[in-house]
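2 protein chains.
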Amino acid sequence: MLQQFKVSKDDEIRVSGEALHKTVREIFEKLGVPADGADEGAHVLTMTDLRGVDSHGVSNMMRVYVEWFQEGRLNPDPKWTILRETPAVASIDGDAGLGIIIGPAAMRLAIEKARNVGVGVVSMRNSGHLGAAGHMAMIAAEQDMIGVSMSAAGPRVLPTYGAEPRLGTNPIAYAAPTRNEPFLLFDVATTVIAENKLRLAHRLQSELEPNWIARLDGSPITEKAVAPDRDDYQLLPLGGTREQGSHKGYGLGLWAEVMSTMLSGGIPSMLDTSQQFKHHFVAYDIEAFTDLEEYKDRMDAMLQTLKATRPAPGHERVIYPGVLEYEEEIYRRENGIPFHPEVIQWFESVAGELGIEPLEIMAVTKAAESQPPAP
Amino acid sequence: MLQQFKVSKDDEIRVSGEALHKTVREIFEKLGVPADGADEGAHVLTMTDLRGVDSHGVSNMMRVYVEWFQEGRLNPDPKWTILRETPAVASIDGDAGLGIIIGPAAMRLAIEKARNVGVGVVSMRNSGHLGAAGHMAMIAAEQDMIGVSMSAAGPRVLPTYGAEPRLGTNPIAYAAPTRNEPFLLFDVATTVIAENKLRLAHRLQSELEPNWIARLDGSPITEKAVAPDRDDYQLLPLGGTREQGSHKGYGLGLWAEVMSTMLSGGIPSMLDTSQQFKHHFVAYDIEAFTDLEEYKDRMDAMLQTLKATRPAPGHERVIYPGVLEYEEEIYRRENGIPFHPEVIQWFESVAGELGIEPLEIMAVTKAAESQPPAP
Chain A
27 MLQQFKVSKD DEIRVSGEAL HKTVREIFEK LGVPADGADE GAHVLTMTDL
77 RGVDSHGVSN MMRVYVEWFQ EGRLNPDPKW TILRETPAVA SIDGDAGLGI
127 IIGPAAMRLA IEKARNVGVG VVSMRNSGHL GAAGHMAMIA AEQDMIGVSM
177 SAAGPRVLPT YGAEPRLGTN PIAYAAPTRN EPFLLFDVAT TVIAENKLRL
227 AHRLQSELEP NWIARLDGSP ITEKAVAPDR DDYQLLPLGG TREQGSHKGY
277 GLGLWAEVMS TMLSGGIPSM LDTSQQFKHH FVAYDIEAFT DLEEYKDRMD
327 AMLQTLKATR PAPGHERVIY PGVLEYEEEI YRRENGIPFH PEVIQWFESV
377 AGELGIEPLE IMAVTKAAES QPPAP
Chain B
27 MLQQFKVSKD DEIRVSGEAL HKTVREIFEK LGVPADGADE GAHVLTMTDL
77 RGVDSHGVSN MMRVYVEWFQ EGRLNPDPKW TILRETPAVA SIDGDAGLGI
127 IIGPAAMRLA IEKARNVGVG VVSMRNSGHL GAAGHMAMIA AEQDMIGVSM
177 SAAGPRVLPT YGAEPRLGTN PIAYAAPTRN EPFLLFDVAT TVIAENKLRL
227 AHRLQSELEP NWIARLDGSP ITEKAVAPDR DDYQLLPLGG TREQGSHKGY
277 GLGLWAEVMS TMLSGGIPSM LDTSQQFKHH FVAYDIEAFT DLEEYKDRMD
327 AMLQTLKATR PAPGHERVIY PGVLEYEEEI YRRENGIPFH PEVIQWFESV
377 AGELGIEPLE IMAVTKAAES QPPAP
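Chains as they are written, first to last, in our numbering: chain A, 27 to 401; chain B, 27 to 401.
Isolated chain A (complex conformation) (with noise of 0.2 Å):
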């Protein structure tokens, strides 16, 4: 992650992986989430914040997931529909359940097609926020299958040459499993910048890159700025400028659109802003195309060969998409989560008012201990 996203080690309090799970999943049981639904959105979470994602992770989600519960808009006990099926594909509705938590079985019937005929696609209509669309493909990936997940919303991201937003941040994700090295795990937004990514940075008060998003008006903010508030600016699409490739980044949102709200009959949120998110999970079954084992050998190889890069100048050393995470995650389950005072504070009060345990405390950093939280 770039250093703008980064919570200030002189702020920072930390939390063990399962003091977090442990709360998630009590804050999601007080809501009306069943046990082991509540249990698999605490999983999700609790992954997402070891694997250093914090864009995705509690900090900036659990409040939103909590509103959106208690406000009816997603439903805690949600019964999905098949609407239509094939041995290899399914789509399905989501009955407004939280993607975090139902996104887990959408891809576990998507594995379970894989093992049967060699790949399973499963596209999902009225379903809430996925979180971090990497770790569905994880789920895949840890079966010995690659994991694909995509996700449309918005619309908050305009168009190559647009003024107004038509697409969501619609993400990208894929993983794949090796032998010894850590697992590809690729999961990024389609603009150049994840959404969320810009809301920690205001909260940081951090310094965005040129062409990082536009004024209201469609036109690219060229020089460095202060992250605004979420009204006022617009996202643009990964590449930035047309010049820059904007074009792919608007086509590759596009594509998740068409995947996940297309082929689920889901209405895109350009049209329908009224509609939830939509999804879509693919697993390819290794073994139905090839040697595993072989494939396992392969891939490390090939792993190895892009970390023994001779890096550019300035650099330490090339790495590919995973490696970051998977050290993050031993790092954080040894040393905690850091969160924002900020963030403990809102765990705080809302154990207060769903009578649930506070979030136990691992450590807490000098500053942040001789200062207030911050407001």
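Hints were generated in silico from the structure; no laboratory data involved. Given the structure is predicted, the values throughout are model-derived calculations rather than measurements. There is no bait here: all hints are sound.
Since copy identity is lost for identical chains, a pair holds within one copy or between any two.
EDC-like cross-link-like pairs, simulated, lysine to aspartate or glutamate; straight-line CA separation at most 16 Å:
1. Lys250 <-> Glu269
2. Lys333 <-> Glu190
3. Lys56 <-> Glu93
4. Lys56 <-> Asp103
5. Lys48 <-> Asp65
With chain A held as given, fit chain B onto it using these hints.
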């Protein structure tokens, strides 16, 4: 296409699609390709030129294909082997057949599987160049399916922060049908810029934008510069720099490598440069997921909404991927395909060498008439 890649109007010689198809087919036949394959390859190249994708049409690719056939690197009469197969997936050894010729057949196999079980996935190793990946995706779209196609080769592209090329320009393409609107057709290299476009720019001596390419030591060239020869630069992944999202382009290129190479049991070019191109084809039968007629109406509504987007200052209109190709095809079917005189000269020499009729010219602009062809 950006202005940098357009043949100057003063310099063009125009050829009809029919004339181009005839000559290309005859060249392939003279090189030993059976009639069906020669016709398929000529169709792919002609459609690519009609759609305005000059970077992957005859001007950049035909002489390379001819060389590869003459050197024995390509097999003019390949018999592919299905390595593994299920009702939904297959992996194939392409027997060194040219991708533009056997790719459409692989996509048709995916379509047949999709017709039976809702989705078909085919990965292929040991093949030649795929040409415009989007053409393969369009074969599925023309059958009321969503088509996806990827390809992997190289190594020509730097990983983020790297100084040694590891990936090919590894394109990702998809196509989706509509009711009345131009089909959605997306086809991009996972680099900032397609290598074939850089070669075109070098031939036209056009200026490149900042961060399109890197020096040989891996550092991005951050100012505008005339397109160098292909041995004097490195390619950067989409995004260009890490700050602008090059890790996303890098991960997308790696995705094409995994789906094309790893699933077909191929060896990535970074580990073995003697290996040929690898490809990946997917067809999704829309009807297996949702109501096809409702899908088509909604797709048209979405695409019309994208086109109706208010443009940002300085821009005339907003489009979606496939609109320019659709408009260009209408224009070129009427006015012919424009070629640089150098390309026409090459056709003359190869026609003489192989003993076929010369390429029929449709029109020549005054400037080209009065000047000798470029050496």
